[in-house]
Each structure stands twice: as structure tokens, then as C-alpha cells.
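Line order of the protein sequences matches chains A and B. Quick note: the first sequence, position 292, residue 292 per our numbering, numbers continuous. Quick note: the second sequence, position 244, residue 1244 per our numbering, numbers continuous.
Keep in mind the hints are simulated off the structure, nothing from the lab. Remember, predicted model here, so these are calculated numbers, not experimental data. Be aware that one or more of the hints could be misleading.
Unchecked claim - Coverage of chain A stretches by chain B, computed from C-beta distances (three or more under 8 Å per stretch; other residues unrestricted):
hint, segment
1, 110 to 122
2, 261 to 274
3, 285 to 298
What the hints assert, rightly or not - Not the full set, but computed from the structure, chain B residues with beta-carbon under 10 Å of chain A:
hint, residue
4, V1034
5, P1094
6, L1109
7, D1174
8, W1261
9, F1270
10, L1275
11, R1279
C-beta: ideal position from N, C-alpha, C; glycine also.
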Amino acid sequence: MTTSTPETGYRVETRTRTSRVAGLAAIVLLAGLFVLPAFASRGLIQDLFFIFTMLTLAQFWNLLAGYGGLVSVGQQAFVGIGAYAMFGAVILWGLDPLPAILLGGLAALALAVPFGFFAFRLQGAYFAIGTWVLAEVARLVVAQWRAVGGGTGTSLPRQATETIAFTETIAQLLDVRPAAARDILAYWLALVLAILAIGGIYWLLRSKRGLALAAVRDNPQAARSIGVDGQRVKWFVFLAAALGTGLTGALIYMQKARISPDAAFSLSDWTAYVIFIVVIGGIGTIEGPIIGVLVFFLLQTLLAQYGAWYLMILGLVSIGVMLAAPRGLWGSFSHRTGIQLFPIRRRLTGGRL
Amino acid sequence: MNWLDTIVQGILLGGLYALFAAGLSLVFGIMRLVNLAHGDLIVLGAYLILLIVSLLGLSPFVAALVALPLMFGLGYGLQRVVLNRVLGEDILPPLLVTFGISVVLQNGLLQGASADTRRLPTGDIGVASLNLGPVTIGVLPLLTFASAVAVIVLLNHMFYHSALGRSFRATSDDPVTASLMGIRPRMVFAQATGIAMMIVTIAALYLGMRANFDPAIGPARLVYAFEAVIIGGLGSLWGTLAGGVIIGVAQTMGAAINPEWQILSGHIAFLLVLLFKPRGLFPRAFD
Chain A
1 MTTSTPETGY RVETRTRTSR VAGLAAIVLL AGLFVLPAFA SRGLIQDLFF IFTMLTLAQF
61 WNLLAGYGGL VSVGQQAFVG IGAYAMFGAV ILWGLDPLPA ILLGGLAALA LAVPFGFFAF
121 RLQGAYFAIG TWVLAEVARL VVAQWRAVGG GTGTSLPRQA TETIAFTETI AQLLDVRPAA
181 ARDILAYWLA LVLAILAIGG IYWLLRSKRG LALAAVRDNP QAARSIGVDG QRVKWFVFLA
241 AALGTGLTGA LIYMQKARIS PDAAFSLSDW TAYVIFIVVI GGIGTIEGPI IGVLVFFLLQ
301 TLLAQYGAWY LMILGLVSIG VMLAAPRGLW GSFSHRTGIQ LFPIRRRLTG GRL
Chain B
1001 MNWLDTIVQG ILLGGLYALF AAGLSLVFGI MRLVNLAHGD LIVLGAYLIL LIVSLLGLSP
1061 FVAALVALPL MFGLGYGLQR VVLNRVLGED ILPPLLVTFG ISVVLQNGLL QGASADTRRL
1121 PTGDIGVASL NLGPVTIGVL PLLTFASAVA VIVLLNHMFY HSALGRSFRA TSDDPVTASL
1181 MGIRPRMVFA QATGIAMMIV TIAALYLGMR ANFDPAIGPA RLVYAFEAVI IGGLGSLWGT
1241 LAGGVIIGVA QTMGAAINPE WQILSGHIAF LLVLLFKPRG LFPRAFD
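Chain A extracted, bound-state conformation (with noise of 0.2 Å):
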């Protein structure tokens, strides 16, 4: 954001040098991530398949947590409702798996409607288990759902998943198999949702929205008091973060080609994880979860094998985050050192004292 006054020549800014430099290795570092299905291994494209869903799913939440306050433990709702949808649509409808992706996350923002408006009846703390009743309930209620498998779930047909749209060029392009294919294909989906998660969170953050996102989330009351509606700024990023955590289920989903109630509603996959993700990066910044994506694919990586102490590894590691840096690994480094990639903070720059 950029207003200049002409007068005295003085601009308020959130650029800075570092992130200019920041923002054209990322365009070197995309142009290669996309054009890597033409060298990697099918295994290297799964794996930064998941980093990348995990990203967006990890941004999303961050939105919601370390902007907006809004504490959610219940965005796997979301995730599984968006999966559903798409699933649904795909099954009794006969649609191409694409574009019921984009169904997917049409249903994730239908839902949140109905779920904001129970859960913000909740506040703080409340709020978090309120929300997490409400991804129960949604679980539930999907486990009801016959056609889609009922409890125990079911799988996309052979003939969608074997005639998604692009799969045929990319197979030819490439010289891949089918199978491959799709992934190559939910790779490059996944790699432009987390783009435009983390381009749209970072310019949602510089326009007047985020400015008064942050007002809130520090001061209600002050918020208020300059004419700041904090209801409808909540509402606004709630019903982003459903839409985008939507939107990334059912492409996991799409990807899996193979659902279950308890799989797409659970808990720790879709939330605790993300959780863990912002908070061992830093929360309330964009980069943090970056950071914390990768501690947690290394952790997982290395630790996999051990089963559930891993899991305990990483409750423990997150919990000694939040008592010895609760800015996380990025927020502790950017503190130090005043570097930030994805700057948001006004600063007054150029003109004359």
C-alpha cells in the first residue's frame, strides 16, 4: 500500500528492500517449483504435494488464529466438508473431478455460514470448542450420508479419476504414466492454491481490511470506538479461511481419490498438525508457517517410524515453542534481526524533516 502525499513528499510504506529482494527469489524459486514434475521422481512431487496442502491449510488457519483471534480447533470441518462435496458432486452428478474441486469450496463457505453463526456466539477459549462441537456435528451428520459411503466411506470411480481433465496432455506432455499424472496435476493445483493463499492473505493484510483485522484482534473496544464493525471484519475472514481450507480438501481428497468420515473430519490430520505447523513457525506472520511446514515435514520424515512418539515429540516441541519463544522460530529470528519477507507494518519513509 502506497499513499503518497504530495505536499511533503513523505509515503506510508510496507515495503522494504529485504522484501523486494524476498519477492523476486520467490518468483526464481516458483518458476522452478513449477516446472519441476518435467525432472523430480513421482515420490519428491507426493511429498511436496502434502508440504504444499498443508501450507495453505497452516496459512488459512494462521488467518484466523494469529490475525483474526479467532482460535478455531473445528477447520476440519471444512476440510472434510469440502472433500465431500466434491466427491458428491463427483459420484451422483457424474462431474469431472476438477471442476467439483471448486464445488468443494463453495460447500466449506455454504457451511461456515451456519457455523459462524453459532460459533461466534461462543468468545475466546469457548469459541475454539465450540467450533470443534460443530466440525463433530458436521462429521456426523456426513456419516449419515449414504451415497457417499456412509461411516465407512468410499472411493472416487475408476472412470473419473482416470479421465480427469489435463491428465491425458500432462501424461503426453511429460511421457508419464496416468496415475503419475494426476499427481503432477495435484501438484500444480496445490502449488497455485498456496500461492494465492499467501498472496491473498499478504495483500488482504496491506489493504484498509487488515488494518482494521489487526485492530480488532488487538482492541475490540478501540476498534470500535474509531468505527471499526469487528463483526463483520470476523465474518470476513472466517468465511476466506472456509472457502481456501474448502477448497485444499477437496483437492487432498481429489488426490487420495479415497474418503472416509473419521479420515476427513479428523482432528489431528487437519487441524492439530496445522496447529502445530503455525505455531512452531510463529504465528501472525506469513513466513512462519513457511518455516514451520518445513520443521514439521523433516520431523515427520525422520520421526515417522516411531509412531506415536512422534506425535508426542511434536506436542512436546510445540508446547516448549509457546513457553520459550512464543513467537515461534520465524517471529524469534525477524524480532532478532528486524528481517521480514512478507512485510505488513506502515512505516513513514522519503521527504524531509
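Given chain A's structure and the hints, the job is docking chain B onto it.
Leaving out everything else, chain B in the frame of chain A:
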């Protein structure tokens, strides 16, 4: 179908939920802390009682007596070492830390006690029942309900007629002023969590005798406890009992119609109360 019987069973089940909820309510009332690990601590209590039962060959009731001071110590230590450090204006750190504790407890129990379902031995009392015409009341559910009432009476008495309760109320109202009067809020918080853990132990005893448990069932207990607290209204222990009873009756009635609807109907009862009485049925506290 015997509706009267279903309702009576639901009311008695509500006693168990009130026991789940009382500790949560106590801690929230005094330090505005919602402990997301509350359900997992109940499950931990059940395992502790089971351990004492199998090590010392005691009856579960005696084992629970042995577990009481241990759980008090656990709660006291947890509050002093961990939770006191994250209490403050920002609700995020305590939520995230207790969420971390919940995950650690679940997986620690999974590692230490496996995923097998367990049950506390109940002996004769588990199958004993009173036959009252159309309604048959199990002795164990009746004892659960009586314990819930006793816990609430004792808590209320402690709150309003003891020095400890006075310090609890003072700290709840204003920790800074209370500390001017010689109260040490951090100590009070630790005592409150310790007492909450003793209630958790009682809840764990009846949970373990009533049904099977395994390391993963904690979060659902937290949710029932939370629903009971919200339905009852913040700050009212009798309200919490009423909330537990409403959840219990909704669940048994839902289950009587279709076993798959048991949990769902409890949640729906909660949402209905939230819809029409967002501050609960008997609200006392304003926050």
C-alpha cells in the same frame, strides 16, 4: 419402548457428564483457562486407577482414594510449572499449550498402555440394580449421580464458606487486588487446578467402571463437559449439573430412536440451547 426408563437413564448419565464438567468449570471460573487436555486428564486418571488396582489389588474405589492426592499433585505441578507461565490477556498461549498437552497425553498413553480398550473391575456393584416398577436403576449410575451431587454441594460449600473459597473468589474477581490482601494468585491457581484434578479422578473412576476406555476417548469427554458447562451457564455449578442431565437425556433418547444418533442428539441439544439461550440456562458470571 419405555420412555420413562430412557429418560431416567439419561438423567443418571448426566451425573457422569456433570462430573466431567465440574473440574473444567472450576478452573475456568477462577483463572479463565479452558483446559483442552481436560478429557485426556480424565482418561489418564482412569489409567492411574487401573494401574493401582492391578498393582495393589485394591477395589477401584480404594484405588481412586489413593489416586486422589497423586492427581492433586499432578494438577498442582502442571499449573505451577507450565500453565501459570502462559496465563495472561492473550487466550492463545494457554489454548495451544493445553492442546499440546492433550496430544502428548493421548500418545503417551497409547505408547504406555497400547490402544486396547480397558475397564475397571466393578465386581457385584456393576450389575446390581434397583427395580422400581417400570424403571430399573443400576446402582452404579445412581452412585455416579449421587457423587456428582455431592461434589457440587462440596464445591459450593468450599466456594462460599471457606477461606480457600474466599481466596478463589477474590482471585477470580481481581488477582491484583487479591494479591494486595496477601493472596498469592499463582498459588491459588495451582490449588484450584489440583482440586479440579481430584474431581477429574472421581469422574475417571465412574468413567472407567461404566464403560470401556482407551487412550483416544479423551477429546469426546472434553466436548461433553464443555457442552454441559455452556448449557448450564458460566459460573453456576448446579447449572452444570442441569447441563449434564440435558446432554445425557438427549443422548439416551437419541440412542433409543437410532443408536447412530446418540452422540449427534447430544450435540444438537447443545446447539439448540446455544441458539435460544446463548448465555446458558442459569448464567451467573458475566464474561
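Against the earlier hints, flag every one the structure doesn't satisfy and list their numbers going up.
3 and 7
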